[in-house]
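Trainee: Read top to bottom, the protein sequences are chains A and B. Counting in the numbering used here, the first sequence runs from 1 upward without gaps. Counting in the numbering used here, the second sequence runs from 1001 upward without gaps.
Derived from the structure by calculation, the hints contain no laboratory data. Ideal Cβ placement from N, Cα and C applies to all residues, glycine included. Do not rely on the hints blindly, as some may be mistaken.
[What the hints assert, rightly or not] Label-pair distances were calculated between CB atoms; the ranges are:
(1) B:Gly-1057 <-> A:Ala-109: 19 to 25 Å
(2) B:Gly-1057 <-> A:Glu-1: 16 to 22 Å
(3) B:Pro-1039 <-> A:Ile-12: 20 to 26 Å
(4) A:Lys-69 <-> B:Glu-1067: 40 to 46 Å
(5) A:Leu-88 <-> B:His-1069: 26 to 32 Å
(6) A:Ser-82 <-> B:Lys-1053: 42 to 48 Å
(7) A:Lys-71 <-> B:Lys-1053: 31 to 37 Å
(8) B:Glu-1067 <-> A:Ala-109: 32 to 38 Å
(9) B:Asn-1022 <-> A:Ile-12: 37 to 43 Å
(10) B:Gly-1057 <-> A:Leu-97: 22 to 28 Å
(11) A:Asn-51 <-> B:Lys-1053: 29 to 35 Å
(12) A:Lys-71 <-> B:Ser-1007: 35 to 41 Å
(13) B:His-1073 <-> A:Ala-109: 26 to 32 Å
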Amino acid sequence: EAQVTQNPRYLITVTGKKLTVTCSQNMNHEYMSWYRQDPGLGLRQIYYSMNVEVTDKGDVPEGYKVSRKEKRNFPLILESPSPNQTSLYFCASRALLGPSGANVLTFGAGSRLTVL
Amino acid sequence: KNEVEQSPQNLTAQEGEFITINCSYSVGISALHWLQQHPGGGIVSLFMLSSGKKKHGRLIATINIQEKHSSLHITASHPRDSAVYICALLSNFGNEKLTFGTGTRLTIIP
Chain A
1 EAQVTQNPRY LITVTGKKLT VTCSQNMNHE YMSWYRQDPG LGLRQIYYSM
51 NVEVTDKGDV PEGYKVSRKE KRNFPLILES PSPNQTSLYF CASRALLGPS
101 GANVLTFGAG SRLTVL
Chain B
1001 KNEVEQSPQN LTAQEGEFIT INCSYSVGIS ALHWLQQHPG GGIVSLFMLS
1051 SGKKKHGRLI ATINIQEKHS SLHITASHPR DSAVYICALL SNFGNEKLTF
1101 GTGTRLTIIP
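Looking at chain B on its own, in the form it has when it is part of the complex:
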C-alpha cells in the first residue's frame, strides 16, 4: 500500500464549481505540502500545513492529523485552475524527506 494516496486521479468540472481534492496517508508526518503543477511543467507551492486550516484567495487547505487526511478546496473554480495538484508528506523524523502523491489532474471547463 502506498504511503500517500490522492483522490480523485482526474477531475473535470464546470467553471464556478466547488472543487475538493483529497490526500490520505498512512504514516506519521510533521507537515504536508500542497503543490500545483501547470501544463507547462512549473511547480508552485500552495500551502504547507501541520494542523487546522489555511486559506489563500480561493484556495483552502485543511488537515486532520489524527485521521491522516488532508483536503484542498477551490471555490469558484476557473479555467486557469486547471493543473495537476500534488500533496507531499514531510517526514516526522526531524529530517526533510518528502514523499509525494501521484497527483490529481484538474480540468475546469469554461
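Chain A on its own, in the form it takes in the complex:
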C-alpha cells in the first residue's frame, strides 16, 4: 500500500531532550516536507526537500533540523525541544516528475508532540 509513515504518533517529552520524528514513504517520491498545525494558526511548512541531499526552509524552520540521506526517509529533528514546539506534525510527499495527475500530496497520519 502506498503510504507515508510517521513515528511516533504520540510523544510527551521534556524541554531540552533531543528527539527525532521519523517519516518514510514507499512511493519513490522526490518531494517530502514537514508541517506543523496549531489552533488558530493552521498548517505551516517547516522544511521541505526536493530530492536526496536537497533541503530548504519553509516558513517556521527555527528549532528544527532535517536531513535527506535517502529518498524514502525525511526525519525531523528537534535538538532541544521547547514548549512552543508542542504541536501536531505532519509529513507529506509527492512526485515531482511524471503525469500531473500523480502530483497530489500524500500525508502521514500525524504526530502529536507535547513538550513539558
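With chain A's structure known, arrange chain B on it following the hints.
Mentor: What follows is chain B alone, placed relative to chain A:
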C-alpha cells in the same frame, strides 16, 4: 493582509445541498492544492490544479489564475463530507514552498 483567504470559515448545510468553498489569494502561484482534514485529524489531498477544472466523483475544483481565485464544489453533499477543507498555494519561484489557508469547517446535517 493574508496571502490566502478562505470563505466561509464555517458552513453548515443539509444533506444533499450543493456546497461551494472559496479560496482567494494575492500572490503569483504555480498551482493550488485542496486538502480535506477529517475530525480525526488525518489529511487527504483532493486536488492539485494550475488551471481550469478538475472533477473527482462529487467533488469539483476550479481555478482562475487571472482572478487569483479557486473554488471547491461538492454536489449532493453527505454527512461524511463533514471535514475541514484547506487550500494551499504552491510558490511560483520554482521551489516547493506551500502557504496554507486557515480552512473552512463544513458540517453536513442528515
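Trainee: Take the hints in turn and mark each one as holding or not.
Mentor: The hints, checked one at a time:
Range check, Gly-1057 (chain B) to Ala-109 (chain A): Cβ separation about 23 Å, and the 19 to 25 Å hint holds. Between Gly-1057 (chain B) and Glu-1 (chain A) the beta carbons are some 21 Å apart, a value that agrees with the proposed interval 16 to 22 Å. Under the hint 20 to 26 Å, the C-beta atoms of Pro-1039 (chain B) and Ile-12 (chain A), about 23 Å apart, fit the expected range. At roughly 43 Å, the beta carbons of Lys-69 (chain A) and Glu-1067 (chain B) sit within the given window of 40 to 46 Å.
Taking the beta carbon of each, Leu-88 (chain A) and His-1069 (chain B) are about 29 Å apart, inside 26 to 32 Å as hinted. Between Ser-82 (chain A) and Lys-1053 (chain B) the beta carbon distance is about 45 Å. The supplied range of 42 to 48 Å therefore holds. The supplied range of 31 to 37 Å is met by Lys-71 (chain A) and Lys-1053 (chain B), whose beta-carbon atoms lie about 33 Å from each other. For Glu-1067 (chain B) and Ala-109 (chain A), the hinted distance range of 32 to 38 Å is satisfied, since their beta carbons lie about 36 Å from each other.
Between Asn-1022 (chain B) and Ile-12 (chain A) the beta carbon distance is about 39 Å. The supplied range of 37 to 43 Å therefore holds. Look at Gly-1057 (chain B) against Leu-97 (chain A): about 27 Å separates their beta carbons, and that is inside 22 to 28 Å. The beta-carbon spacing between Asn-51 (chain A) and Lys-1053 (chain B), approximately 31 Å, falls within the hinted interval of 29 to 35 Å. Separation of Lys-71 (chain A) from Ser-1007 (chain B) is about 39 Å and conforms to the stated range, judged on CB atoms against 35 to 41 Å.
Between His-1073 (chain B) and Ala-109 (chain A) the C-beta distance comes to about 28 Å, which sits within the given range of 26 to 32 Å.
Of the numbered hints stated above, none is contradicted by the structure.
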